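Peer 1: Sequence:
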Amino acid sequence: MAEFEPAFLPMYNDDSIRLQEPCVAPNARQWRFEVEADCEAWFHAEISNIVLSAWANYPTILQSSHNKPLSEVNTTETVDVMYSMKYGNAKLPLVIGEFKRNLIHPVQWQSGETPSSSQKKLSRELRGYAHKYQCPHVFCFDGETLLLQFRASKMENLEDEECPVDFWVLPRTNSSCTLRYALYRLLVQGLRRCQGYLGGELTIGNLTTNSRQFYSGRPTWKINGKKELQHPQGFERSIDASTGSFV
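The letter at position 109 of the sequence shown is residue 108 when you use numbering that gives the first Met the number 0, and the numbering goes up by one with no holes.
Check each hint, because a few of them may be wrong.
[Said to hold, decoys possible] Dumping the calculated SDA-like pairs for lysine to any residue here, alpha-carbon to alpha-carbon at most 25 Å: (1) Lys131 / Gly199; (2) Lys131 / Glu76; (3) Lys85 / Ile60; (4) Lys119 / His65; (5) Lys99 / Lys120; (6) Lys67 / Asp141; (7) Lys99 / Pro58; (8) Lys99 / Thr177; (9) Lys99 / Gly127; (10) Lys131 / Asn26; (11) Lys99 / Asn12; (12) Lys221 / Gly204; (13) Lys131 / Pro68; (14) Lys67 / Leu91; (15) Lys131 / Ser215; (16) Lys153 / Ala89; (17) Lys85 / Asn12; (18) Lys67 / Glu155; (19) Lys85 / Ser210; (20) Lys153 / Leu91; (21) Lys225 / Asn209; (22) Lys221 / Cys193; (23) Lys153 / Tyr196; (24) Lys99 / Leu147; (25) Lys119 / Glu76; (26) Lys225 / Asp159.
[As the list claims (entries may be wrong)] Computed spacing ranges between beta-carbons, pair by pair: (27) Glu33 / Tyr57: 36 to 46 Å; (28) Phe32 / Asn12: 30 to 40 Å; (29) Glu33 / Thr172: 43 to 53 Å; (30) Gly204 / Pro114: 39 to 49 Å; (31) Cys22 / Gly111: 36 to 46 Å.
Just so you know, these hints were derived from the structure itself, not from any lab.
Only a predicted model underlies this, so the values are computations on that prediction, with no experimental measurement involved.
The C-beta atom is built at its ideal place from N, Cα and C for all residues, glycine as well.
Whole structure, please, built from the sequences with the hints as guidance.
Peer 2: As structure tokens, this is what we get:
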């Protein structure tokens with residue numbers, strides 16, 4: 000099983016409810032990956048459609064294709080897929096994704112060796128989309144899956160080449176971690192990020208939040224002039240499973 004902790008937030012009570020939601024298995028059929036569109040069709044039929052059955056409520060997640068950024072960034076380039084949720088009259092991006100064909104070189108990503116020009120170009124492209132869509136949670140599927148999380152403490156850090164990145168390269172078959180579970184965890188991480196920022200200022204034990212960590216939505220506390228993620232009195236967040244909200 001891929002190790003998502005401590006890079007991701009832990010699973011909460013609402014996750015157990017979502018993971019028990021029924022879904023309909025896709026029809027058995029033959030697939031052939033010749034172009035990017037074939038990879039995209041397989042991913043939506045075999046992965047995305049199944050995972051989204053857990054997101055009919057609390058909140059409802061919408062999958063859309065080739066939408067422009069929801070921000071005011073002016074660009075002619077669009078990401079292949081976006082998963083978003085509504086908040087009032089706005090849509091908030093939880094995860095964005097790109098589809099390629101035989102582009103990802105797993106060994107280069109996993110070994111830490113100097114990447115080839117094609118992998119550098121892919122990395123720059125995904126970082127560019129993360130910045131344009133103001134969304135640090137990105138995946139790329141080319142028959143393998145590359146999951147990314149840009150650990151940006153502030154939104155503007157997304158365009159910084161020095162911004163740390165968590166990544167997982169998961170094979171489509173013979174993996175201890177299924178692609179469906181991986182996509183679910185990435186969606187949850189995007190949700191927690193949005194929940195944190197929408198939660199606003201928070202006061203607990205005579206301390207008020209100083210800011211929010213952009214990529215996770217976790218509150219930060221200013222203690223002795225330093226920003227800390229842990230509340231000095233040991234308070235921790237939990238989820239009300241009936242509503243999906245932090246308490």
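Peer 1: Does the structure break any of the earlier hints, and which numbers would those be?
Peer 2: 7, 10, 11 and 29
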